[in-house]
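**Student:** Just need the whole structure built from these sequences, with the hints factored in.
To convert, note that position 63 of the sequence shown is 62 in numbering that gives the first Met the number 0; the numbers rise steadily by one, no gaps.
Any given hint could turn out to be false.
[Stated by the list, open to error] FRET-style restraints, in silico, Cβ to Cβ:
#, residue 1, residue 2, range
1, Ala77, Pro170, 43 to 51 Å
2, Asn100, Gly144, 24 to 32 Å
3, His113, Ala160, 19 to 27 Å
4, Thr164, Thr89, 23 to 31 Å
5, Val97, Gly148, 30 to 38 Å
Derived by calculation from the structure, the hints in this document are not laboratory data. Each residue gets a CB set at the ideal place from its N, CA and C atoms; glycine is no exception.
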Amino acid sequence: MYLRLSRRLSVLLTCAGAVCALLAPTAHAAPATSASAGRSALLECPGYETTTYNPGLTLTTRQVALSASGAVGPCVGAPLDHTNGTIQFTGNGQLSCVAGNSAGSGRINWQNDHASTTTFDYTAAAGVRPGGVSVLVLTGQVKSGDFQGSTIIIEIVLAPAPAQTLQCLTPSGLDTSSGAVNLQIL
0 MYLRLSRRLS VLLTCAGAVC ALLAPTAHAA PATSASAGRS ALLECPGYET
50 TTYNPGLTLT TRQVALSASG AVGPCVGAPL DHTNGTIQFT GNGQLSCVAG
100 NSAGSGRINW QNDHASTTTF DYTAAAGVRP GGVSVLVLTG QVKSGDFQGS
150 TIIIEIVLAP APAQTLQCLT PSGLDTSSGA VNLQIL
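**Tutor:** Written out as structure tokens, the structure is:
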């Protein structure tokens with residue numbers, strides 16, 4: 000399990016510069032497997048998201064509420080009619096610019112009129128921040144809508160600009176970050 004997670008984080012970090020610089024919502028997803036379940040993804044979607052923090056993230060860990068929104072797609076896998084959508088999630092936890100984890104809930108609104116909104120709960124399974132790049136792996140269960148009962152994994156790579164990194168040193172802290180997303184439903 001450690002080797003799979005390590006490999007996944009390595010791939011994310013390697014791709015972070017190129018993907019985050021372009022914030023390419025049309026990046027192609029590679030076949031994936033869950034580090035915990037060992038199963039192939041039913042559906043995998045690359046994308047991007049923006050997260051806001053209240054209060055802002057500083058170097059000191061404190062209770063922070065977060066809210067994120069973005070877009071995913073093009074998706075690969077089954078069913079074929081779930082090609083793209085918007086993602087939103089909220090949560091809170093003990094967070095700082097260098098560490099922390101969160102828990103919360105979210106929803107995916109699929110851009111297909113016949114699809115049902117997917118809602119989920121999540122916890123942050125990892126919150127690694129090497130070299131100022133935040134690599135977050137959120138895992139959870141789909142509560143309702145399409146894919147109910149399935150496992151959801153959301154990998155996020157947030158590469159802050161130098162000005163954002165400096166915001167961590169201010170009393171108000173870093174209040175916004177954006178980056179690449181890889182959504183998997185197993």
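**Student:** Hint by hint, note whether the structure agrees.
**Tutor:** Hints and how they fare:
In this structure the supplied range 43 to 51 Å holds for Ala77 paired with Pro170, their Cβ-Cβ distance being about 49 Å. Under the hint 24 to 32 Å, the C-beta atoms of Asn100 and Gly144, about 26 Å apart, fit the expected range. At roughly 40 Å, the beta carbons of His113 and Ala160 sit outside the given window of 19 to 27 Å. Separated by about 24 Å at the C-beta atoms, Thr164 and Thr89 satisfy the suggested range of 23 to 31 Å.
Val97 and Gly148 have their C-beta atoms about 36 Å apart, which keeps the hinted 30 to 38 Å range intact.
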